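S.K.: Residue-level listing of the chains:
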Amino acid sequence: MSAELLRETFEIQGRNFDKAGEISSEIKVILKDLDIDAACIRRVVIVAFEAEMNVVMYADRGTLTLVLTEEDIRLEVHDEGPGIPDIELAMKEGYSTASDEMREMGFGFGMGLPNIKKTRMTFAWNQRWVRGLRFSLGSD
Amino acid sequence: MKLSEIKDLLRCKVLTGEEDLSIDIQDVVASDGMSEILAFAKSKELMITGLTNIQSIRTADIAGVSAVIYCRGRQPDKRVIDFARQKKIPVLVTDMVMFDICGLLYNKGLRGVS
Chain A
152 MSAELLRETF EIQGRNFDKA GEISSEIKVI LKDLDIDAAC IRRVVIVAFE AEMNVVMYAD
212 RGTLTLVLTE EDIRLEVHDE GPGIPDIELA MKEGYSTASD EMREMGFGFG MGLPNIKKTR
272 MTFAWNQRWV RGLRFSLGSD
Chain B
17 MKLSEIKDLL RCKVLTGEED LSIDIQDVVA SDGMSEILAF AKSKELMITG LTNIQSIRTA
77 DIAGVSAVIY CRGRQPDKRV IDFARQKKIP VLVTDMVMFD ICGLLYNKGL RGVS
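Chains A and B are the protein sequences, given in the same order. Under our numbering, the first residue of the first sequence is numbered 152, with each subsequent residue one higher. Under our numbering, the first residue of the second sequence is numbered 17, with each subsequent residue one higher.
Derived pair list, reagent style DSSO-like, types lysine-lysine, alpha-carbon separation capped at 30 Å:
#1 A:LYS183 / B:LYS103
#2 B:LYS29 / A:LYS170
#3 B:LYS58 / A:LYS243
#4 A:LYS269 / B:LYS103
#5 B:LYS60 / A:LYS179
#6 B:LYS60 / A:LYS268
#7 A:LYS170 / B:LYS103
#8 A:LYS269 / B:LYS104
#9 B:LYS94 / A:LYS170
#10 A:LYS183 / B:LYS18
#11 B:LYS60 / A:LYS183
#12 B:LYS58 / A:LYS183
#13 B:LYS103 / A:LYS268
#14 A:LYS183 / B:LYS94
#15 A:LYS179 / B:LYS18
#16 A:LYS179 / B:LYS104
#17 A:LYS268 / B:LYS58
#18 B:LYS94 / B:LYS58
#19 B:LYS94 / A:LYS179
#20 A:LYS170 / B:LYS60
#21 B:LYS23 / B:LYS124
#22 B:LYS60 / A:LYS243
#23 B:LYS60 / A:LYS269
#24 A:LYS170 / B:LYS58
From chain B, some residues computed to sit far from chain A (all C-beta separations above 12 Å):
#25 GLU21
#26 LYS23
#27 LEU31
#28 ILE39
#29 GLN42
#30 GLY89
#31 ARG101
#32 VAL113
#33 PHE115
#34 ASP116
#35 TYR122
#36 LYS124
#37 LEU126
#38 GLY128
Treat the hints as calculated values from the structure; they're not laboratory data. Please read all numbers here as calculations on a predicted model, not as lab measurements. Even for Gly, the Cβ is constructed at its ideal location relative to N, Cα and C.
From just these sequences and the hints, can you work out the full model?
M.R.: Here it is as structure tokens:
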């Protein structure tokens, strides 16, 4: 595994819809400052944003860690939440356990996790920078 | 199609980004679901939505769209407009419903992304 060039961990506040997305915006700025390809940044921040929203919607708190190495960009997400009882079902597009409040925010239509998977995989195939993009869901 | 032409066609009011109306738009993403925007936008599209909260601009920024049009005459609050200004995303609002907006833009040669 190549040496880490950067590792930064951000705290996510659960249920704080007002701040939701701030971390992903911050990650976008960090990656832009590093002169990383714009298409690559877009994909990373989409994954970060969906993951961040997921933590905000379902968990009490969580962390999102951005790891940059010479070969890849990784996002590690951990949260203290209810967990996902049926991962296979949760990965199905359209399946959601979202509340009305979450839907009013424009999320909770059962696309978040499939989006993360789709974006990550496309990235893995096409972009050098995200070859090893990792995403982990779970409780600390 | 220039954003200024779209503004006239849809009888929009510009909430922020008056100076950026010369940008060229070819593709459109239209949804009230932010994940749908994130899933399909490939950057530089026009985003049409009825969702006027802060997350709509956050999504526009993350997805890299060129401009946002709020449909059904839905007015965002000042904080949302200020945030869009800060992110340099032009924001317009029209009284038209999403179906009519999409039909008019489709007739002008604009297309959705998938």
